[in-house]
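Engineer: Keeping their order, the protein sequence lines are chains V and R. According to the working numbering, the first sequence is numbered sequentially starting from 10. According to the working numbering, the second sequence is numbered sequentially starting from 20.
If you are wondering where the hints come from, they were derived from the structure by calculation, not from laboratory data. We treat Cβ as the ideally placed atom computed from N, Cα and C, and that holds for glycine. Keep in mind that the hints are not guaranteed to be accurate.
As the list claims (entries may be wrong) - Examples of chain V residues toward chain R, derived with CB under 8 Å:
#1 Pro27
#2 Ala29
#3 Gln50
#4 Gly51
#5 Pro52
#6 Leu100
#7 Gly116
#8 Gly118
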Amino acid sequence: EAGVVQSPRYKIIEKKQPVAFWCNPISGHNTLYWYLQNLGQGPELLIRYENEEAVDDSQLPKDRFSAERLKGVDSTLKIQPAELGDSAVYLCASSLGRGPYNEQFFGPGTRLTVL
Amino acid sequence: GNSVTQMEGPVTLSEEAFLTINCTYTATGYPSLFWYVQYPGEGLQLLLKATKADDKGSNKGFEATYRKETTSFHLEKGSVQVSDSAVYFCALSGRDDKLIFGTGTRLQVFP
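Using the sequences and the accompanying hints, generate a full structural model.
Structural biologist: Shown next as structure tokens:
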């Protein structure tokens with residue numbers, strides 16, 4: 010069974026440019042997460058989806074970040090415009106449902122470098 | 020709010036040495052506790068978990084016991100291998116089901 014797929018794996022852009030990350034969760038997983046991982050830090054939740062509904066986006070900087078999960082499967086995270094401080098790894102994860110008994114499976118991440 | 024503190028790395032060991040990576044937490048109520056591992060170039064993988072006090076999670080020779088009295092969840096392994104070299108993250112999940120991670124501890128095992 011395929012795991013969580015993310016693309017691209019690496020992205021280098023200049024500041025003020027837009028960028029988008031794509032995630033395909035494990036088939037059948039209703040819950041999808043986007044995390045931000047800064048260098049030397051643990052992941053921090055940006056947004057969580059239950060099917061196509063964003064149920065927790067309190068940590069998403071809404072002035073420049075947006076996300077969507079049309080049809081409750083794939084998801085896209087966008088930054089517009091990117092800033093130097095956005096350089097980080099963006100992780101996508103999925104699980105069957107909520108709660109500690111539903112393991113979160115992580116993708117390999119997209120490493121963003123903003124110049 | 021909820022938080023996780025784990026020992027800074029890197030932890031450098033010789034093969035077959037004993038490993039301990041310390042993790043303590045602050046949380047309201049009774050969180051679930053986790054250890055995740057991140058091998059080079061790969062995504063985070065759940066290593067083990069414990070959902071209530073005194074539970075012991077174990078997997079691949081690693082163990083951790085949920086200690087409510089000391090608010091700790093230290094990771095241990097009796098004999099590490101070179102293939103255990105990775106970054107280890109302690110995490111908790113509280114009432115809101117949100118995973119809160121520590122900063123990670125890099126383990127380097129040399130032959």
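Engineer: Evaluate each hint against the coordinates.
Structural biologist: Hints and how they fare:
1. For the restraint placing Pro27(V) at the interface with chain R, the shortest Cβ-Cβ distance is roughly 25 Å, beyond the 8 Å limit, so the hint is violated.
2. The restraint placing Ala29(V) at the interface with chain R is violated, with a minimum CB-CB distance near 19 Å, outside the 8 Å limit.
3. Interface hint at Gln50(V): satisfied, since its Cβ lies 5 Å from the closest Cβ of chain R, which is below the 8 Å cut-off.
4. Interface hint at Gly51(V): satisfied, since its Cβ lies 3 Å from the closest Cβ of chain R, which is below the 8 Å cut-off.
5. Hint on Pro52(V) holds. Least Cβ distance to chain R is approximately 5 Å, under the 8 Å limit.
6. Annotation: Leu100(V) was flagged as interfacial toward chain R, and the flag holds, the nearest CB pair being 7 Å apart, inside 8 Å.
7. With a cut of 8 Å, the hint placing Gly116(V) at the interface with chain R holds, because the nearest CB-to-CB distance is about 5 Å.
8. This hint holds: Gly118(V) has a C-beta 6 Å from the nearest C-beta of chain R, less than the 8 Å allowed.
Hints 1 and 2, counting from the list given before, are not met by this structure.
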